[in-house]
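Protein chains in written order, with our numbering: chain D, 8 to 470; chain F, 108 to 351.
Source of the hints: derived by calculation from the structure; they are not laboratory data.
Cβ atoms here follow ideal geometry from the backbone N, Cα and C, with glycine treated the same way.
Any given hint might turn out to be false.
Unchecked claim - The calculated label-pair distances, taken between Cβ atoms and stated as ranges, are:
#1 F:G144 - D:A448: 29 to 37 angstroms
#2 D:A210 - F:E255: 42 to 50 angstroms
#3 D:A448 - F:P147: 41 to 49 angstroms
#4 F:P147 - D:A146: 44 to 52 angstroms
#5 D:V209 - F:V265: 26 to 34 angstroms
#6 D:G74 - F:V265: 40 to 48 angstroms
#7 D:T77 - F:R145: 39 to 47 angstroms
#8 D:R459 - F:A187: 23 to 31 angstroms
#9 F:S142 - D:A448: 32 to 40 angstroms
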Amino acid sequence: MSGPSIETTIRLAATGGKSDRLRILLTVIGATVATIILLAAVAVLFIGPANGPYSLDVLDQPGLRPGVVTALGLLSVPVLLFVGLCSRLGAPARDRRLAAIRMAGATPRDAVRIVAAETSLATVIGGVAGTAVFFVLKAALGAEPGSALLLPTDVSIPIVAIIGVPLVLVAGTTGASLLAMRKVVVSPFGVTRSMSTKPPRVAPAILFVGGSLGLAVLGASIRGGSEASDLVLGAAGAIGFLAMAGGLIAGSASIASGTGRLLANRVQSPALLIAARRLIAAPYTASRATTAVLLAALIGGMTQGLRSNFLTATDSDDAFYRTSFDLVEGVLLVAIVIAAASLLVTTAEAVVSRRRTLASLVAGGVPRSVLRRATMAETLVPLVPTMVLALIGGSVAIRGLTGSQVEIWDSIAEGPTVVDVPIPWARLATLGAGMIGVCMALTALSLLFMRRATDISEIRAAA
Amino acid sequence: MNESQTLAPHHSDQTPHESSNPNDAVLSARGLVYSFGRTPALRGASMNLERGEILAVTGPSGSGKSTLMLCLAGILQPDAGEVAFGSRVISEESESARSQLRRKEFGVLFQFGQLVPELTAIENVALPLMLDGVKRASARTAAATWLERFGVGDLAEVRPTEMSGGQGQRVATARALVAEPKILFADEPTGALDALSGEQVMTQLVRVARDSGTSVVLITHDARIAAYGDRELIVRDGLIEGES
Ligand SMILES: Nc1ncnc2c1ncn2[C@@H]1O[C@H](COP(=O)(O)OP(=O)(O)OP(=O)(O)O)[C@@H](O)[C@H]1O
Ligand SMILES: [Mg+2]
Chain D
8 MSGPSIETTI RLAATGGKSD RLRILLTVIG ATVATIILLA AVAVLFIGPA
58 NGPYSLDVLD QPGLRPGVVT ALGLLSVPVL LFVGLCSRLG APARDRRLAA
108 IRMAGATPRD AVRIVAAETS LATVIGGVAG TAVFFVLKAA LGAEPGSALL
158 LPTDVSIPIV AIIGVPLVLV AGTTGASLLA MRKVVVSPFG VTRSMSTKPP
208 RVAPAILFVG GSLGLAVLGA SIRGGSEASD LVLGAAGAIG FLAMAGGLIA
258 GSASIASGTG RLLANRVQSP ALLIAARRLI AAPYTASRAT TAVLLAALIG
308 GMTQGLRSNF LTATDSDDAF YRTSFDLVEG VLLVAIVIAA ASLLVTTAEA
358 VVSRRRTLAS LVAGGVPRSV LRRATMAETL VPLVPTMVLA LIGGSVAIRG
408 LTGSQVEIWD SIAEGPTVVD VPIPWARLAT LGAGMIGVCM ALTALSLLFM
458 RRATDISEIR AAA
Chain F
108 MNESQTLAPH HSDQTPHESS NPNDAVLSAR GLVYSFGRTP ALRGASMNLE
158 RGEILAVTGP SGSGKSTLML CLAGILQPDA GEVAFGSRVI SEESESARSQ
208 LRRKEFGVLF QFGQLVPELT AIENVALPLM LDGVKRASAR TAAATWLERF
258 GVGDLAEVRP TEMSGGQGQR VATARALVAE PKILFADEPT GALDALSGEQ
308 VMTQLVRVAR DSGTSVVLIT HDARIAAYGD RELIVRDGLI EGES
């Protein structure tokens, strides 16, 4: 392999200014959290007959543990996306450094490798830190032997997992950062992120609707007594879900530019006009920021659909399912907050990287409040319709999979009777409103950068 | 929105630059002091800007020209001294009052960077009017007139990223003047342009300023650009050195 040695690469990756350090710090934090989550999943996975008992039903019942492992695995997805987005943080400063490296004779691949090296290094550090925190927590929480434990603190974690988890994470975060850098062309004259302003709309729609229909067909064939093995059915379900998720995420860019186009020629408010034009010019920026939130919304919609189905089908006095779903929703809540953290990072980056324009607008008398509102609108305007789509799409898909009616035992008639599963509108609305609230709060938090970014000295900053 | 304010440039029949009455100052500064941390940038500068006057401000690099302009325009608040605009002492006003003043009474022009890259030329020029509550349609009409005046009417739907430096600067000048400011502050407006586009921007800027009676504070280190001024002010070491 030509180009700089690994040693040089790492040294180039790790030097840099304040925003470089912030980016590395956030990557380390993300990797730490992901390590803890994945090690917790491993702990649940390795609960043996000798372990327990646990006061949490979902841990005590062996049949429910795969669900917990899956939930924790899914929880690491928004963390990985967060780390991927972090690799874009402080882009202007780093971009200049990359351009300088290119001037010195590095190839575009070398420059991207430097970014990957930085992320890998930060992830390794986070992995070590996360493992340490995990074992400290495990020892601290597992103090009382004998009584029922809350968490599987008595499970011994195999050494393979301790080595494997950070390795899996390095692969994941490096992949995520390469994905975030994907459309970047590093030239000696600075970095231009190539951007297509016409994102695809038909293919994502087909994927989303197709995935949902696929789940409905799958559900119908299961209810019709399909002979297929669980593995085949499970795989079919996973493909349906992935198609929906992929369609939603790919389509979010075109929803962003679509809402932008809808508003740009109508609005009277300067803030909305700026937001709309930015959505048209850079629809992928908006969609990248909201990927994790939208995934959480899709899964949230599905969870609500499942909850409605289960609670209708079972005795409503039985607290078991209710508690289990409450737990799932708790995990979901954590996922939403992590997901919204990527929003914070992206919005802050958008503000900081445009500081010269923003500073000269403020100098010209544009109130900062207008710029704040423009930034908020840029995130929230496309997010609201896409989130509604994700929530409703998710719950409708589950309704297709599980059917809109269930058979229950009617104790008065002493026989089976068929009832409709209600669509959980109220819960969906609450979830949607809550998610938008969290997103608004974190976007608003990123606007704390606005005052410094619009300082008059920033007019001298390079573009 | 002030309904009596005309959106299209108006013509003034007086010849304002010939006025030499010292009481006619639109803006005056007394003893301005400003430091960036421990670096003194202004050390007691005083000056007057007369109605309709084009004042060239020159001086060596680092002498405090830009800092002087930022204080005069109410962007920076001086550590000591005062800036008066008519009967208002703007150096004592709140940030939001000064922000509104800059939007309504002043126009600000920098070397580059003040156009919103995602907005089209006409939207960029209409923005200050829309901020003051002018309806989108009338703001666009006025903006179109201003683009015409600067010879860039055909670029109305083009975004700044697709313009040449000179074209962008003409759009920025139209934007700085669209709200019909009393004073235009320009810091090296042609600094990033080649000689020919620089001359074009300056010719149009001066013509429009004369027509509308706008006073101009023009910062430059280029003698040819300074020659567009009615008067020249030299800044040296944070003080006004002398007038020529
Ligand atoms: N943001 C800042 N932070 C620290 N020092 C500054 C800053 N801006 C200006 N200065 C200092 O203040 C002094 C005056 O700067 P100013 O920009 O006003 O000079 P200038 O005459 O406009 O120079 P030029 O012709 O190079 O633009 C200089 O010593 C400069 O180094
Ligand atoms: Mg200067």
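Comparing the hints with the structure gives:
At about 35 angstroms, the beta-carbon gap between F:G144 and D:A448 stays in the expected band of 29 to 37 angstroms. Between D:A210 and F:E255 the C-beta distance comes to about 44 angstroms, which sits within the given range of 42 to 50 angstroms. The given range of 41 to 49 angstroms is respected by D:A448 and F:P147, whose C-beta atoms sit roughly 43 angstroms from each other. Range check, F:P147 to D:A146: about 59 angstroms between beta-carbon atoms, so the 44 to 52 angstroms window is missed.
For D:V209 paired with F:V265, a C-beta distance near 29 angstroms keeps the hint of 26 to 34 angstroms intact. Our hint of 40 to 48 angstroms for D:G74 and F:V265 is violated, since their Cβ atoms are close to 56 angstroms apart. The supplied range of 39 to 47 angstroms is broken by D:T77 and F:R145, whose beta-carbon atoms lie about 60 angstroms from each other. Remark: the range hint 23 to 31 angstroms for D:R459 to F:A187 is upheld by a beta-carbon distance near 25 angstroms.
As the Cβ distance of F:S142 to D:A448 is approximately 38 angstroms, the hint placing it in 32 to 40 angstroms holds.
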